[in-house]
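**Q** This is what each chain is made of:
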Amino acid sequence: MRNHLAGNRRSVIAFLALLCLVGVVGAEGFRVPVEYHKLDNGLKVILSPDHTSPTVVVAVYYNIGFRIEPKDRTGFAHLFEHMMFQGSKNLGKMEFIKLVQRNGGVLNGSTRFDFTNYFEVVPAHKLETALWAEADRMSGLSITQENLTNQQGVVINEVRGSVLNQPYGGFPWLDMPQYANTNWYNAHNFYGDLADIEAATLEDVTQFFKTYYAPNNAALAIVGDFDPKEAMAMVKKYFAAIPAAPQPSKPDLSEPRQEKQKRVIKEDTLANRPALAIAYHVPERKTPEFYAMGLLDQILLQGDDSKLREHLVQKKGYTAGVSGGINLLGNMHNYNGPMLWMASLLHDKSVSADDIVQAWDEVIDDVIAKPVDRATLDRALVKLRSSFYDEVSGFFGFGRADLLASFALFDDDPARINTLEDEFRKVTPELLQKTAAEFLRAENRTILIIEPKQGS
Amino acid sequence: MKSILVKTIVITAFLSSFGWAQKELPPEGGKPRDFSLPQKQQFTLENGVAVTLVPFGTIPKVTVSVVVRTGNVNEEAHQVWLADVVGDMMKEGTTSRSATQVAQEAAQMGGDVSINVTPDQSTISGDVLSEFGPKFIALIGDVVRNPLFPESELERIKVGRVRDLNVNLAQPGSLAQEAFMRALYPDHPYGRVFPKQADLERFTIDDVKGFYVKNFGAQRTAVFVAGVFDAKVIEKAIRRAFEGWEKGPAVLVNVPKARTGQSFHLVERPGAPQSTIYFGLPVIDKSDNDYVKLVVTNSLLGGSFASRITSNIREKKGYTYSPYSMVSNRYRSAFWAEVADVGTEVTGPALKEIIAEINQLQSEPPSADELKGIQNYLAGTFVLQNSTRQGIIGQLNDLRLHGLPDVYLSNYVKNVHAVTPEDVQKTTQKYIRDEDMALVIVGDKAKVEEQIKDFVKVNPEGK
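Order-wise, the sequence lines are chains C and X.
Position 333, counted from 1, in the first sequence is what the numbering used here calls 333; the numbers after and before it change by one each time, with no gaps.
Position 313, counted from 1, in the second sequence is what the numbering used here calls 313; the numbers after and before it change by one each time, with no gaps.
Take these hints with a grain of salt, some might be off.
Once the Cα atoms are required to be at most 27 angstroms apart in a straight line, the calculated BS3-like pairs of lysine-lysine come out as [unchecked claim]: (1) X/Lys445 / X/Lys317; (2) C/Lys236 / X/Lys31; (3) C/Lys98 / X/Lys352; (4) C/Lys98 / X/Lys372; (5) X/Lys31 / C/Lys237; (6) C/Lys262 / C/Lys434; (7) X/Lys209 / C/Lys316; (8) C/Lys349 / X/Lys158; (9) X/Lys158 / C/Lys316; (10) X/Lys447 / C/Lys453; (11) C/Lys262 / C/Lys307; (12) X/Lys196 / C/Lys349.
These are calculated hints, taken from the structure and not from any lab test.
Please read these numbers as outputs of a predicted model, since none were measured by experiment.
Isolated chain C, as found in the complex (with noise of 0.2 angstroms):
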């Protein structure tokens, strides 16, 4: 689910963090070089040379996320992802990892709600190495059972480690979606059922690579130092064989406008502190209303400045931070569906869940009641465009990586990177105010109360 590779935790939470920046290109004319690409399969290619360092990410993207995985198989996208480094065509077992270190690389591989990715750092004249590797498992697998076997013990013991075994294991990332949303696809276990995860089989890997992981559900980004000209000959080289594949039709992944507030409390045996998280459904990507809540979302809960930082953390001192966005396993670019913004406290049980909920209020009914004040827009516009770059920049250009391949799969339109500082600037106080009545009403929210349970 998240990063599966990297042997340091430490490591795995900067990375999480830097995905969860938002941005806004620069007014001061910072643009992302962007050119595009489609191989005649049908496999997307984006190039973004930077020659700050003598390094290149090659990041390949699946259409394929966790939300329209099987049914019977929950957890399967994410097993999936693990397959990805059992075997291939020319790379047996551990063959890929040490080939990627061996030329003093790093790599790692995700899956989230609407994308599985796979991706590497190496140093820039590795360049064709690290295309022939993902050619090469994108060309086909080789998994034996002994494999399979091995890494549903390594993702069974995944599960434990990140949430069976943990204090809020799993909240509010994991929990908050399977209460929220009624369509199964956005509210099912992502991490999958631990029986379902033991029942998956070789024929579930070979079918579900055969239908998910053809070059045209596939987007190529290139960040980094190398030439355009030259890369291109090289993708082609390695990717241009590799056949397109019929793809099934998306399943519809709507979720219903929310009538009514939702409330749930879940126990939790190994905490002893309650926690609090609220989430609301957002406006569709794209949209005006979108943006706004990108915008709101800087406004009230991200930074020192936000507003509720500074009513419950500063002046209620319910809590010593914070913390959420839209979309916690990414940004709120990189999907494609029902998203909710949401965020999570950590509280005392001095303070009750309806205290911090009535003091919640009192800030979200401040930015229905009246407009925000320009000065407090501009701020949120000047941490999206510092945030941005960062973002752009961040991870030794996998975050550049990571927005390209997300807007050549879900818009068929890379360039869109460009264009996002437009589009948020466009938002006036007039359309925050509309989008906070209509999205942030108490009625479109799900209110996650964990009590805690401690030794019993």
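Given chain C, work out where chain X should sit, using these hints.
**A** Quick look at chain X alone, frame taken from chain C:
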């Protein structure tokens, strides 16, 4: 019959030498490109503030990091986390700016003032748009030099820290780390990871102010700036922000005497589906000549994804998800440890494999090819470590903390490549001695105890 058999053999040989059974080899790639460490400009203010400016990249942002040589190492036994509370309280406003003003001013520049306290250092830093670099330095200078320490906010900060403490005590990873550090540093601040709640609740505003006065000042401070900026303007801003600051206390050196020798610590976590393991011992620190050899050895043994322990207990056995070994990085003190969350039912087998991998590397040098792979990996990640603003500052701050010369970085890749297979074997024998390790397990005692009795020969210290 006979002839058919011969034919079959010939055909098989033919096919395997010409094709379908033969795998394609990966392309080598092009010629390596030059990498040199970014140029830096350094100077020291009269009061002792050490300044390093590193122009880097093209993204119009700048990172400012003020590093003060104080942290948990300066706490008394009853003051654990006082350094953290001081850090929290520094965000509660200055003599001329409220907390809200600090937050809003920083946000207007595209950033936050963040404060991070570690055992050896307290860092006050932020990333802002380049155009605001000088203004941000002024803001951060005010936060560092003129904290208001309003008593009205202390209770709230302490309540937050008490909550934080209790949440930590519910996490297996935190519990394991605490027990491990206590085992290695029984009489030193490094061994005191968590405070007693009652001690924490007793902190007064005078404790906070006292710690600050005793530990903050110019000669303990370094300022790092990296990114896109005008060096002249930034230098002026730094002088204006820091030149008037008192010299303050000298750096207090407090190097622990770490405990070596086998010990065993089982922290009970009833019903836990996994055992959280820390297994390690004190080793040489970064200032030692053998240190790079230890780094290479660690990467090969357990410190990278393709390493031996990870290949074994994750990719071969499926016992665990994210195991790793590490060499810690504190002033004149380091430890090596293997850290892993393994299935409760395979705690014993996992330990057996970890020890077998250590013993294997003690008894036989790795192949030149395996070592080469690790050396290339370290050389590649070194470039990555020096390819972000925060990474560059991290590397230079590290040099400063350990008192190492610039050649440590400029010769690092060369020194990595100079390590031989025999060096790796000897380094393992000399420093990664399983018979001298502390073993911590946080897990279900009833299910674990029987599995590990073979590994625990002395001093079982149940808890």
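**Q** All the hints need checking, so say for each whether the structure fits it.
**A** Consistency of the hints with the structure:
With a C-alpha separation of about 23 angstroms, the suggested pair X/Lys445 and X/Lys317 falls inside the 27 angstroms cut-off, and the hint holds. The hinted pair formed by C/Lys236 and X/Lys31 meets the criterion: a straight-line CA distance of about 21 angstroms does not exceed 27 angstroms. Among the hinted pairs, C/Lys98 with X/Lys352 is consistent with the structure: their alpha-carbon atoms are about 24 angstroms apart, no more than 27 angstroms. The hinted pair formed by C/Lys98 and X/Lys372 meets the criterion: a straight-line CA distance of about 11 angstroms does not exceed 27 angstroms.
Between X/Lys31 and C/Lys237 the CA atoms are separated by roughly 19 angstroms; this keeps the pair inside 27 angstroms, and the hint holds. Proximity of C/Lys262 to C/Lys434 is assessed by CA-CA distance (about 23 angstroms); at most 27 angstroms being required, the pair is judged to hold. For the suggested pair X/Lys209 and C/Lys316, the alpha carbons sit about 24 angstroms apart, so the restraint of at most 27 angstroms is met. Distance check on the hinted pair: C/Lys349 and X/Lys158 sit about 16 angstroms apart at the alpha-carbon level, within 27 angstroms; holds.
With a CA separation close to 14 angstroms, the supplied pair X/Lys158 and C/Lys316 stays within the 27 angstroms bound. Restraint check: the Cα-Cα separation between X/Lys447 and C/Lys453 comes to about 23 angstroms, which is no more than 27 angstroms; the hinted pair holds. Note on C/Lys262 and C/Lys307: the hinted pairing holds, with a Cα-Cα distance of about 24 angstroms set against a maximum of 27 angstroms. Between the alpha carbons of X/Lys196 and C/Lys349 the distance comes to roughly 20 angstroms, so the proposed pair stays at or under 27 angstroms and holds.
The structure meets every hint from the earlier list without exception.
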